[in-house]
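K.L.:
Listed below are the residues making up each chain.
There are 2 protein chains.
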Amino acid sequence: MGFKAAGIACGLKKSGKLDLALVYSQLPAKASAKFTTNKIQAAPVIFNKKLLKQNRTFRAILVNSGNANSFTGREGLKDAEEIACVLGEASGLKKESILLASTGIIGRRLPLAKIKAGIPKLVLGLSHSGLDKVKKAILTTDTFTKEATAQFNLGKHKITVCGIAKGAGMIAPRMATMLGLIFTDARITQKALQKALGIAVENSFNCITVDGCMSTNDSVILLANSAAGNPQIEQGRNFNAFLSALNTVCLRLAKMIVKDAEGATKFIKIKVRQAKNFREAKAVALQIANSNLFKTAVYGENPNFGRIVAAAGASGAQIKERNLKIKVSSLEKKEINVTVSVGSGKADAVVYTSDLTPEYVKINAQYT
Amino acid sequence: MGFKAAGIACGLKKSGKLDLALVYSQLPAKASAKFTTNKIQAAPVIFNKKLLKQNRTFRAILVNSGNANSFTGREGLKDAEEIACVLGEASGLKKESILLASTGIIGRRLPLAKIKAGIPKLVLGLSHSGLDKVKKAILTTDTFTKEATAQFNLGKHKITVCGIAKGAGMIAPRMATMLGLIFTDARITQKALQKALGIAVENSFNCITVDGCMSTNDSVILLANSAAGNPQIEQGRNFNAFLSALNTVCLRLAKMIVKDAEGATKFIKIKVRQAKNFREAKAVALQIANSNLFKTAVYGENPNFGRIVAAAGASGAQIKERNLKIKVSSLEKKEINVTVSVGSGKADAVVYTSDLTPEYVKINAQYT
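Each protein sequence line maps, in turn, to chains A and B.
Going by the numbering used here, the first sequence opens with residue 1, and the numbers climb by one from there.
Going by the numbering used here, the second sequence opens with residue 1, and the numbers climb by one from there.
Source of the hints: derived by calculation from the structure; they are not laboratory data.
One should not assume that every hint holds.
Identical chains share a label here; the pair holds if one copy fits it or two copies do between them.
BS3-like cross-link-like pairs, simulated, lysine-lysine; straight-line CA separation at most 27 angstroms [to be verified]:
| no. | residue 1 | residue 2 |
| --- | --- | --- |
| 1 | 320 | 53 |
| 2 | 334 | 362 |
| 3 | 78 | 320 |
| 4 | 327 | 78 |
| 5 | 4 | 94 |
| 6 | 191 | 327 |
| 7 | 78 | 325 |
| 8 | 271 | 191 |
| 9 | 333 | 362 |
| 10 | 50 | 320 |
| 11 | 362 | 346 |
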């Protein structure tokens, strides 16, 4: 695919686990990204947004876990710029071609010395199989790594879309994320790349919720480096094949995040049907998905459907009691399907979530 | 005060505890009420709203716990009408002078026979000290009864405002309630009564949240029966004295509900200062108050202030990182004060909430 990667433990995590990673594109790559809509944005988010406005191609993403570099003010932004500079010098890449991502505790300065000391090791360690280490190095409270790949052919050219993600708590829609890093060797126009990412994120990472809590660091970054040598994908040409592969990767990653939700014992799919429009369908689904009372009832395998009724009615969507129909699959299974028919139109939406358990409370009572 | 009351156990609660109650005004009383804004409204809410539009004075409130009579359709509304009729016959009161309230499980028909059998006992049991039983009969998962009283003098007339409430879970603003029944012997105009209740509810029951889950039954009903014989209170005359007493009662009850929050170990006051306007101040306070991550951190006595930052930034209010200041009192105490200065204006808001504990999850995993 024309990407190399590396991951190391540089001491940001007390556990000694991997916590610093680099993904490197052997060819200049176009980039598109989606970031948190939180008003407080982490330094790497601010850093990337500025770069993405100015620059046309990118070569690397440097990621750390264990520290979010968020709510760290001007100093935090300077720290971000400094590590990009250090990587630029160590790798020979222009510092403007380097994107950043951080995840972990909010409100503490990055331990710069540790990261600086780690960067040359990352550069030396780059390899074609390095993504296995990157997907470990970006984890925080996650219990498993998250990777998804989809391929398709354009004539004789095989095109790959490969993504990794982290996320288990502080997961809420818009952006519903976490970090998601997606790589493709497709040759594709900037416009088509952005459009595809927008659609794919809306239908995947923006359709999951664990706790309704929106992070300051959420980022999904997509790099496309043209290594497949295919005829250029445009909005009107071969776009759907690419979008379909990207959709597949994003949705698989999003579902993995929900399955890894902190303390969760159940994976819940909520489908809202017959709503006035997509916005209302999603609002109803999210209100149910974020209802602590619904989530605890699922944990207790207690079919308290009145809580679904109350949540649907509180969503702001137009709902009439006599048209509302609710179907819930057996709560004793690991995967639960909830279908809510609103009966006021033709729009559907699907949202994925988890149950709320005593374990979630314990994990988050002790974090830091 | 010119009110009598009674409470009995008629078998709605399996535990055999009190579950049916009647409050009776010896004089015709003006009424004002606030109800849930949930699109799904329980039968007694629909019943009361219709009556309050048509009727000018009221004589009684019949309340049951153990069953919400919600999401019960036309049958549920007929059930409500039928028990009002039965009470009318048993008491000699016009059925149009009777208001209703129900609380408990959603989606099940009322056990009519039990209630009908209980009504004559209630009528026979009415007494001046009966409110002690009413405040028990309206409880569900509450662990203690909630009552507050305030008095003031207008010339030689002593005026009393007395309220009771229930609520411990499914507590979210607009309406942030529960049931609240408030009685006063004041002589007051209908307009002044409504205005005072609107202000008092906005600053009390609409400023608390336990779990962000909005009920279908929330009702605050205020009866004023003129028994004090005072010169009539109007919007421009003696209004503030009455409002102040009503505010005191509502705020005390609201705080008691938060203190009794399901599984809670902490009482949290969140003050947001220097917001652009009251709406934004309240939005920030509520976003923090409803953040599971914030609430679990308080439970764990873990001063993870990044979660306050993330919640404030997700509230939709205009917030600049450099102006945001956060102060949190010692988390080891039972009562916690959080002060968030937004630095974008002059408006303040205060919201009360509780922590999120494994016990909350257990209570709600097993309810029904």
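K.L.:
Hint by hint, say whether it matches the structure.
P.N.:
Structure-based check of each hint:
no., hint, in the structure
1, 320 <-> 53, "between (46 angstroms within a copy, 21 angstroms between copies)"
2, 334 <-> 362, "both (21 angstroms within a copy, 19 angstroms between copies)"
3, 78 <-> 320, "between (54 angstroms within a copy, 18 angstroms between copies)"
4, 327 <-> 78, "between (53 angstroms within a copy, 26 angstroms between copies)"
5, 4 <-> 94, "within (17 angstroms within a copy, 82 angstroms between copies)"
6, 191 <-> 327, "neither (41 angstroms within a copy, 45 angstroms between copies)"
7, 78 <-> 325, "between (54 angstroms within a copy, 21 angstroms between copies)"
8, 271 <-> 191, "neither (31 angstroms within a copy, 45 angstroms between copies)"
9, 333 <-> 362, "both (24 angstroms within a copy, 19 angstroms between copies)"
10, 50 <-> 320, "between (46 angstroms within a copy, 18 angstroms between copies)"
11, 362 <-> 346, "neither (41 angstroms within a copy, 38 angstroms between copies)"
Hints 6, 8 and 11 from the earlier list are contradicted by this structure; the remaining hints agree with it.
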